[in-house]
Amino acid sequence: MANVLVVLEQRDGVLKRVALEVLTAGRRLADQLSGEVHAIALGPAGFSADAAGAHGADRVFLAADDQVRLYQPGPYAATIAERAKGGYAVVLLGATALGKDLAPRLAARLGAPLAADVTELGVDGGRIVVTRPVYAGKAFYRLRVNAPLAVVSMRPNSVMPAQAARAGAVEPIAIVAGVGATTTAVKEPEHAALDVAEAGIVVGGGRGLKDAGQFKLLEDLAAAFGGQAAVGASRAVVDAGWRPHAEQVGQTGKTVSPNLYIAVGISGAIQHLAGMRTSKVIVAINKDKDAPIFKVADYGIVGDLFEVIPRLTQEIRKVRGA
Amino acid sequence: MKIAVCIKRVPDTEARVKVGADGKSIDESGVKFVLNPYDEYAVEEALRLKEKAGAGEVAVIALGGDAAQETIRTALAMGADRGVLLRTDTIPLDPLPVARALADELRPGGFDLVLCGKQAVDDSSHAVGVMIAELLGVPSVAAVAKLAIADGKGTAEREIEGGVEVVTFSLPAVVTADKGLNEPRYPALKGIMAAKKKPLEVKPAAMPPAGLDVLELAYPPERKAGRIVGEGADAVPALIDALRTEAKVL
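If you read the sequences in order, they're chains V and W. Sequential numbering from 1 applies to the first sequence in this note's numbering. Sequential numbering from 1 applies to the second sequence in this note's numbering.
Extracted from the complex, chain V is given alone in its bound form:
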């Protein structure tokens, strides 16, 4: 059997976009392996993984139980590892904070190789082949699985979710008890913001902003995109304490692949470029026409960001309002 087990991530009982991305990738892989897609989802009581069938799941194993309202590594790993023993070729999940924690647990329990944060997934000569960026995107490996079962985590935004209607019959399952650390709470910021690694549009700011207060300009620009955009930051800006590490894009921060990355006052140090060069479209705004950021940018404006950004925000509002 060459079936694919897809782990669907939810937050507060709602499937995350990355769950549909991974399901889409899983469906394509299963089609190449002539297998089925089985989805497994853990979440709070009342949670239903309704969208799974429409995105390619043949069967859906659902554990809706308040024990796993928050991410609990022990029960998650035990429940999914138990299910994964049923003749799968691959266990697929998103390389999110949850997925990055869960994937190695599953691989260790299943004695399976782990390919983390992959951007492409396929089959060659009957074996699963993955592409994964290394050195934060300065190079990439193509790796072939040499084991009956592999665990693969996929980078968010590497696959566009697609419809593929399948039965998606939901089968309730029980949580398998597992020991480990206990998540007691999730602290949410006062202003809930989209995560820079998950956002479809990222507005990244660098030293050119001159001080922490000027990031208000970028927050306004991000807001003009109507909830699709997040603010990112260069390492220099994070090290200076202007922005939190959660927003850092680059080799010691996050690697992002949004549809649109707008680099503002960022010169383009190699470790920053590494973190954002897989963005679909890159716009650079910088006063130095020789800044390395222009070498990776699709579109550039040479100029004073303090003049360009307010105008850009205004124009985006017009476009979005139209």
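Think of the hints as simulated: they come from the structure by calculation, not from any bench. Positions of the beta carbon are idealized from the N, C-alpha and C atoms, including for glycine. Don't take each hint at face value.
Below, in silico cross-link-like pairs of lysine-lysine (DSSO-like), each with a Cα-Cα straight-line distance of 30 Å or less [as the list claims (entries may be wrong)]:
id: 1; chain 1: W; residue 1: K224; chain 2: V; residue 2: K254
id: 2; chain 1: V; residue 1: K289; chain 2: V; residue 2: K318
id: 3; chain 1: V; residue 1: K295; chain 2: W; residue 2: K224
Some chain W residues flagged as far from chain V (calculated, every beta-carbon gap over 12 Å) [what the hints assert, rightly or not]:
id: 4; residue: G30
id: 5; residue: A127
id: 6; residue: G191
Could you slot chain W onto chain V? The hints should help.
Just chain W now, with coordinates in the frame of chain V:
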């Protein structure tokens, strides 16, 4: 308090990566190697916990080639007490054999806490620390930016998308360090001198076969040459037009 820290020798983040002649690994010539930045946070945290406890030991363990001895000496110069190198010429891309070799070394050690960096900045599997915990059968928390340990119990905070998870656990445990956990110290000259005399044991790494074969290491596709749409705020309409009609992202 007995603490182990797993560390790795990696290319500096500012280094350019050159693909080697075999097309399957990097060309290391001329590349500056450093202690993995996330492992620096782990070493620092171990030293602070030992200092706070007033007694104990910090052992650093690396898996890699002979050159990793230099990386271990860096951690010893920061203040760790002893080092172990599990020697191997190649580090597999599959993190599980690496975690197995490290777990086998750690198992008889009686450590209260194992600290690792959340990921190595070279192959970034962010896996080995958590795998070690699973193999040892102890709790673990990954990507921790805040840690408190008292009376055999720990509380950690780790960043998730749009929030922070608060996690409690009992010792022994494995914790992997994220940026923000602390500000690592620079080794002082006295520490560098002292490090030369600290014990560093070298033994072969016992790794089972990897489950991933390397087909190739390659450069990412070059981005198509872009263009400057104009200068100053007056160029904004041209940019908007290009994003709408050419790039179709608006």
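Hints and how they fare:
no. : hint            : in the structure
1   : W:K224 - V:K254 : holds (23 Å)
2   : V:K289 - V:K318 : holds (28 Å)
3   : V:K295 - W:K224 : holds (9 Å)
4   : G30             : holds (15 Å)
5   : A127            : violated (4 Å)
6   : G191            : holds (24 Å)
The structure shown violates just one earlier hint, number 5.
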